[in-house]
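> One-letter residues, chain by chain:
Number of protein chains: 2
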Amino acid sequence: MYKVKVYVTLRESVLDPQGTAVKNSLATHGYEGIQEVRIGKYMELTLDESVKDVDAAVKEMCERLLANPVIEDYRYEVEEVVAQ
Amino acid sequence: MYKVKVYVTLRESVLDPQGTAVKNSLATHGYEGIQEVRIGKYMELTLDESVKDVDAAVKEMCERLLANPVIEDYRYEVEEVVAQ
Numbered sequence: 145m146y147k148v149k150v151y152v153t154l155r156e157s158v159l160d161p162q163g164t165a166v167k168n169s170l171a172t173h174g175y176e177g178i179q180e181v182r183i184g185k186y187m188e189l190t191l192d193e194s195v196k197d198v199d200a201a202v203k204e205m206c207e208r209l210l211a212n213p214v215i216e217d218y219r220y221e222v223e224e225v226v227a228q
Numbered sequence: 145m146y147k148v149k150v151y152v153t154l155r156e157s158v159l160d161p162q163g164t165a166v167k168n169s170l171a172t173h174g175y176e177g178i179q180e181v182r183i184g185k186y187m188e189l190t191l192d193e194s195v196k197d198v199d200a201a202v203k204e205m206c207e208r209l210l211a212n213p214v215i216e217d218y219r220y221e222v223e224e225v226v227a228q
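Heads up: the protein sequence lines correspond to chains A and B, in order. Just so you know, the working numbering puts 166 at position 22 of the first sequence, and the rest follows in order with no gaps. Just so you know, the working numbering puts 188 at position 44 of the second sequence, and the rest follows in order with no gaps.
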């Protein structure tokens with residue numbers, strides 16, 4: 145079994161209005177010194193052993209469905225989980 | 145300057161309909177062997193040096209605003225960035 149952690153973030157050049165809203169909201173709550181907030185997605189996929197090439201499969205899933213490569217970057221970590 | 149990475153995930157006991165939708169969508173796209181998908185949030189905060197106790201500040205921000213402790217778990221990593 146594989147546990148895959150996928151991180152999807154907006155590219156640096158893309159504006160992040162959601163992050164700006166959170167930043168302003170934190171300031172309203174009295175938190176100072178926050179320069180920037182950027183918001184992304186975090187996904188945990190559990191794959192079973194039938195998946196042959198996990199790395200290639202996850203890469204393709206990211207490109208095709210999980211991220212929008214035009215405005216988003218992604219990275220992932222694959223972790224093999226041994227059933228107990 | 146500090147770079148803080150915050151990961152917010154739904155608690156194990158909470159249903160994740162968004163994750164199920166992505167899982168079904170991946171299956172529709174022909175990806176087999178996916179047992180579960182769970183979706184969370186990933187946030188990158190940039191804090192400046194004026195923040196005294198970064199760890200405590202981030203914990204409080206998570207509890208009060210960034211996560212909903214009733215249904216979500218969070219974890220974070222603080223990284224000190226040296227300006228060049």
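Just so you know, the hints here were simulated from the structure itself, not pulled from any lab data. Mixed in with the good hints, there may be bad ones.
It does not matter which identical chain is used: a pair holds within one copy or between any two.
Unchecked claim - BS3-like, lysine-lysine: derived pairs with alpha carbons at most 25 Å apart:
id : residue 1 : residue 2
1  : Lys185    : Lys147
2  : Lys196    : Lys149
3  : Lys196    : Lys147
4  : Lys167    : Lys147
5  : Lys203    : Lys167
6  : Lys167    : Lys196
7  : Lys149    : Lys203
A quick note: this is a predicted structure, and the numbers were derived from the prediction, not measured.
> As a check of your reading, is Lys185 near Lys147 (CA-CA no more than 25 Å) within one copy, between copies, both or neither?
both (16 Å within a copy, 17 Å between copies)
> I want to check one pair: Lys167 and Lys196. Are their C-alpha atoms no more than 25 Å apart within a copy, between two copies, both, or neither?
Close across copies (18 Å), not inside one copy (42 Å); limit 25 Å.
> With identical chains, the pair Lys196 and Lys147 could be close in the same copy or across copies; at 25 Å between alpha carbons, which is it: within, between, both, or neither?
For Lys196 and Lys147, the Cα distance is within 25 Å only inside one copy (14 Å; across copies 36 Å).
> Have a look at Lys196 and Lys149 and pick one of within, between, both or neither, based on CA distance no larger than 25 Å.
Within. Shortest intra-copy distance 18 Å satisfies the 25 Å Cα cut-off; inter-copy 31 Å does not.
> Given identical chains, is Lys149 near Lys203, meaning Cα to Cα at most 25 Å, within a copy, between copies, both, or neither?
Close inside one copy (12 Å) and across copies (23 Å); limit 25 Å.
> Is it within, between, both, or neither for Lys203 and Lys167, if the alpha carbons may be no more than 25 Å apart?
For Lys203 and Lys167, only the inter-copy Cα distance (15 Å) is at most 25 Å; the intra-copy one is 31 Å.
> State whether the alpha carbon distance between Lys167 and Lys147 is at most 25 Å within one copy, between copies, both, or neither.
Answer is between; shortest inter-copy Cα gap is 14 Å, intra-copy 32 Å.
The structure fails none of the hints (numbered hints given earlier).
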